[in-house]
Amino acid sequence: METGKNSDWEPKIIAFLCNWCSYAGADLAGVSRYQYPPSIRIVRVPCSGRISANLILDALRSGADGVLVSGCHPGDCHYISGNLYARRRFALLERFLEFIGIEPGRVNFTWISASEGEQFAKVAQEVTERVKRLGPARKLVKEIESCPA
Amino acid sequence: MFYATLEGLRRFKIPHKFEFVSIITLYAQWIREGRLKVDPSWNKDGLKFTCQDPCKLVRQGLGDQVAEDLRFVIKAVAGPENFVDTWPRLSNNYCCGGGGGALQAGFVENRRKYGKLKFDQLAATGADVVITPCHNCHSQVLDICEFYGGKWKTTHLWNWLEKALVLEDKAK
Amino acid sequence: MSTPKGSVLVVGGGIAGVQAALDLADSGFYVHLVEKSSAIGGSMSQLDKTFPTNDCSACILSPKLVEAGRHLNINLLTLSEVLDVSGEPGNFTVRVKQNPRYVDPNKCIACGTCAQKCPKKVPNEFDLGLGKRKAIYLRYPQAVPLKYAIDPKACIYLNKPGRCGFCQKVCPTGAINFDEKPKELSLEVGTIILALGFKPFDPTSLDFTGYGKLNNVVTSMEFERLLSPSGPCMGHLERPSDKKEPKKIAWLQCIGSRDINRACHGYCSSVCCMYAIKQAVIAKEHAQSGDLASSIFYMDMRTHGKGFEAYYERAKEQGIEFHRARVHTVLPAENDNLTLRYTDTKGNVHEEEFELVVLSVGLETDPGVMKLCHELGIQLDQDNFISTTPFAPVATNRQGIYVCGAVCEPKDIPQSVMEASAAACKAQELLSKARWTETKKKEFPPERNVYAEPPRVGVFVCSCGINIASVVDVKEVTEYAKTLPGVVFAQNNLFTCSQDTINQMAEIIKRERLNRVVVASCTPRTHEPLFQETLREAGINKFLFEMANIRDQDSWVHQNWPEKATEKAKDLVRMAVAKVLGDEPLPYNQLPVTKKALVIGAGVAGMVSALSLADQGFPVCLVERKDRLGGHARKFFRTWQGQPMQEYLEELTKRIEDHPLVEIELGATVEEVSGSVGQFKTRLSNGKDVEHGVAIVAVGAESYKPRTGKWNYLYGKNPNVFTLLELDQRFIKADKALSGLNQAVFIHCVGSRVPERPYCSRVCCTHAIDQALKLKELNPDMDIFMLYRDIRTYGKREHLYQEAREKGIIFIRYDLEHLPVASEEDGNIVIEVEDQIIGERIRLHPDILVLASGVRPRDDVGELSKLFKCAMTQEGFLLEAHMKLRPVDFATDGVYLAGLCHYPKPVEETIAQAQAAASRAAMILSKDAVPAESITAQVNPMKCTGCGVCTRVCAYHAVAIDQNSGKAAVDTGLCKGCGACVAGCRSDAITLRNLGNEQLMAEVEAAMEG
Amino acid sequence: MEKESVDLKTLRARVKKQIEDAVPDVRIDYCLTCGLCASGCPATGLEDMDPRKFLRLLVLGQDEKILNTNWIYSCTMCQRCKYACPMGIDVGRIVYEIRGMRPKEKRPKNLQRSCDLQKKSNSTGIPNEDFVWVVNDVLEEVRQNEPQWKDLQAPIDKKGAKYYLNQNAKEPTVEPEEMVPLWKILHVAGIDWTYSSKWWDGANYCLFTGDPEDWEYTVRKQAEVVDELGCRYYINTE
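In order, the protein sequence lines correspond to chains B, C, G and U.
According to the working numbering, the residues represented by the first sequence are 54 to 202, in order.
According to the working numbering, the residues represented by the second sequence are 323 to 494, in order.
According to the working numbering, the residues represented by the third sequence are 1089 to 2098, in order.
According to the working numbering, the residues represented by the fourth sequence are 126 to 363, in order.
Quick caveat, the hints were computed from the structure, so don't treat them as lab data.
All clues given are correct.
Quick list of the computed label-pair ranges, beta carbon to beta carbon:
no., chain 1, residue 1, chain 2, residue 2, range
1, C, R333, G, G1804, 55 to 63 Å
2, G, P2029, B, Q178, 43 to 51 Å
3, U, S130, G, N1867, 20 to 28 Å
Treat the numbers as computed from the prediction; the structure is a model and nothing was measured.
Quick reminder that beta carbons are idealized off the backbone N, C-alpha and C, glycines included.
Modelling step: build the complete structure from the supplied sequences, incorporating the hints.
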């Protein structure tokens, strides 16, 4: 199943968005009718600080082609400092991912505020294109039968 | 010009005992009262009529009412189906470009450029006859019709009213 | 005043009336809400979208209406009118006439069978006659109350008894009652709030617009209905003549506004510029062909509100054409099209054909409202709006009767909502002794224990009119939902948030014995609370609920990929179902309220808020960074209506200083904030700790000083160049030298509406013009030139602009490509500017040059907003929770904002906003406890190793290692449910209720299954 | 080459002031420069002028340009601009005042002559006796040639007639037969009417030259004649 890099293929990207900034930013993108590709599946979490490395790895393992974690801008966190923890964790995770052979660009971290609807659409667009270029993620997929040897 | 007298009496507070009226108002009144009987059946060929609303009579004079009277009379005379209205109309109609002394003042080129809007408006109605109840309008509409190559006939109202009159034994 | 009554009468069920009613009902008062039509919602319910957020009007309004309709302490009196009022403030008796509905609201189930059978069709006034309705009708699909009514003028039976009567025969519940008679009620209330709204100007008398004669000339209100999915063409944008989609539309501004000749309305209607831009933008979006061209013909583009200027700029980028030209007459063209002839500023004539012309009609007072005001002895102003004064912006001339919304001046929705809360605030001040004396308490049925039950999930898929359904195949999604594990019921609704669907949902939950609910519709940020309450009413814990955001995050952002959007919608529903299956009932935690307010900033806004709360009996700590009270207003000479500012300020300051409940902290700032709504703890820079239940941020803003750069205009270089406030200083000091000036020049928009500061400062046009008039007072022979881009004297301020012209003050328009140039010749100022109309450069030699330089946010606002976790706009003003309907709330509960830190505004609006903030704050302070976080962290002691990472990451100190057990323990009162501890725990020992790792993973895995 | 700027060291809009003194409610200063007038005016663009620019020049004190432009003779003072102007500014009235400010010798000759003739009797200048003669001659001809109209009347100076009728001077001068249809109509309607042998002209060019005293004089004369005849109604034929 070489869906590969042909342009019809739409990756599936899990986006963990904090409720207060980035989720609201995604809503604003809709309110302002900024269009972006239908590849993103948003999971609403209270804070980007809620997202552990495990959740990101689990998402990849479930078959996500990419992951986006987005929180409030530094200093804007509704829970004071959760986004900073998230950033720190992500910095560590990035190196680990590289180590286990996950391409850079598959997992993305960003800040999007409640007033940045356009920015959200842009990020969604960029992440989608980046993941499209990388093709479907295979490294961590739990495949029982069709796992290529 | 209706306005010259109407506004003159008003502005200079000239004492007078008479009431100042327009012949158009009277035509309409007489037809409504049955004093004048008109019959549009002469218009077998279905000549289409439209009209000019003289600024001095309508917008500056008696307003929409006299313009509606004008249309009432034309419809009675030429048949209601044979009247094509202009737009804009009534109090908001364009000046023909002959008013305000323009016909006397010279500046012919300007006057005709001015009249282009009126010409296009009248031409758009496709009417065969344009009724001009004011002498200035009459001269200007006649001129722009000729100048811009219009096909209509520019006339006063009375010619057609006469044509449609039903003469009873008194005159016959 | 003897003991006042604990109830309030609100007259008018539009957004202003509803907001006032909700504020009061939520802070301890019983409200009678009188509405003359058969449903509340007012003009806002007729709108399609709202500016500047493009929110669907019905979508944001509906929850409020439903809330008002269901509120235990709001008595909705529809089809009713006030006859007269007697008594005195605190104890009014009001006679109300309630006209018969002829349908028993307790029996009507809004099934619509009656309307189907009714043979009589009449023009539907809700669609402004563009569509038809029956003699028995619903005002609109989401009407509250959702009950049919019979129009007695149209009904065949009521006019000729014995004939017809079909509705009665077919009504399944026997709700029709032809014998109903008008009722007269007598209500005892403490105060009255008039929220009587406006009426759109009827342009029929303006023959040159062609309205009423040319088919494809419509009013803006009609156009709203043409755009609306619940309108006569189901949102498909058809023009009246041939039901075809217009490809080219023109908007004509100022129809019935700023017109003292034909319309006799000298005022500006304030909202038309913005709604025209919005309509042009939305029309483009609606147009199926995608190539709609829009042009707006205007005099001055008035985008003076928050976010408006950016909206205007974006509209230009989207290709909407703006012509500074007015059209004399709309002319018919071929195919029912319309020709507009217009002259540009240079005098060139253009002719352009359009397929539809929209008249941007102004707002005026309904004659019925004038009559009512006359009967109640309420004074109207020269424009027939209710008279108010700048320092008491919601008070009428009759004590105890307040006013809000467009009935006192044309205004937009946020301003109306602000005033509604302000009016509620004034009512509370008057009646504070009677709080909670007449209210009822909400009781929910006991909750069903669902622990042992197998999951029975119900899915409700919303069409949101056409907002979702035009892109996503909602039927397919609904059918798909039925196939998901655990789902036993799925249904598609036109508007899931409408009262009937909500009621139906509660019925379905009971009937189908659902124990989990998923709503696939808009965003949980606005609608979750509404649906959650429905669960509670149906006897289910409200946390057994999830939403799938298939509108904001699907149909609206994937308009060009309908199939993929449908697939995504299915994914989102599947994810929500997966999540809800793991949801558990959670406790409804409560936090006791510290009944004290912290007000930050002692300018006019802060002082008004503080005083109002103190007058209601709540202690206030008022913090001011400077060493004196007064703030920005100290620099102002007078209001635009002419009242001296300093006198007012003195009086206000004195009242604050003398008030026993206000403690003033001068020279102090906020350093540290902890806690949350109900229980804040704030440390001030002077070392004091303040415990408070709410906070109002009113820290003001600064005036921009163009010391350098492009907008400098010799400021700081030539001694005769001033800012507006510097000139005000000279007025305050009664500087005699001003009378001797020969020439004065004002430059507007100095450093405003430019890339560095893209917003309009709203106040400068009016302020500058008032100053010019003051100079003319001092010396009538002075030549005064105002160099401007657009004059933005919105509302009644337009009279000031007219007065200025009348007095010979000359206005010369410039644009960014042709800026005025200031230079010095022998120390004298010389200004060169081009007059666009005569096409020549003008040389001016002013004795003083005044720069109308606008308002800029304070640099330290960012710090403060972080402390209270409040958001900011890109320009640096504070960002309210919702631009339209929550103009004084922050997204953070218990924190409110007022004054210039929100956006530039004149003093009357600042006062109204400050009163509104006090009203919102009182909603918390009036209660003993507020709901606290239910989604909290939970430790599994079996797994906990007591390593303490969780205690370090918790910003609220809610987790601690128990001394005895050596394990982590969570204080649920402090926990905010952020989940930082969960992500930090190495042993998977701590989890967040209903947001555990397994549950999030179930959601992620569900996303991948499609 | 860059045009020289208009220097407004002191603004002296004298013409504007003069008009404001003559016409208190003229509202020149109210102008919003919205351009509605210019959009609706057929004279927009003639002589590089339009009503808005005209007002603007007045406001900015560009009196030379105002006094010299011949646009004032292309503007027909039709007041269509005023009709829809949001401020109700009457450009026609302003033009009238400015026409009056022009020295007589600099005015369009024919226009001034029409008024001068009007002040004597009528705008074409035919003697009153000729008018009387033409009317009677045409009437006689109709009576003779059209037997069904043998009773047709065209009374002149008939005291106590109910209706007074004026007559545009163009007809008796160049197309006298155009008078007949109206006589017939009045005859059929059975109307008791009369012409006057003086001040009988229905046109009035003194309205257009800009001198109110001329205008007043002619109207006053007409009014005197009608009241002298004792007619209850004064019918204007156009």
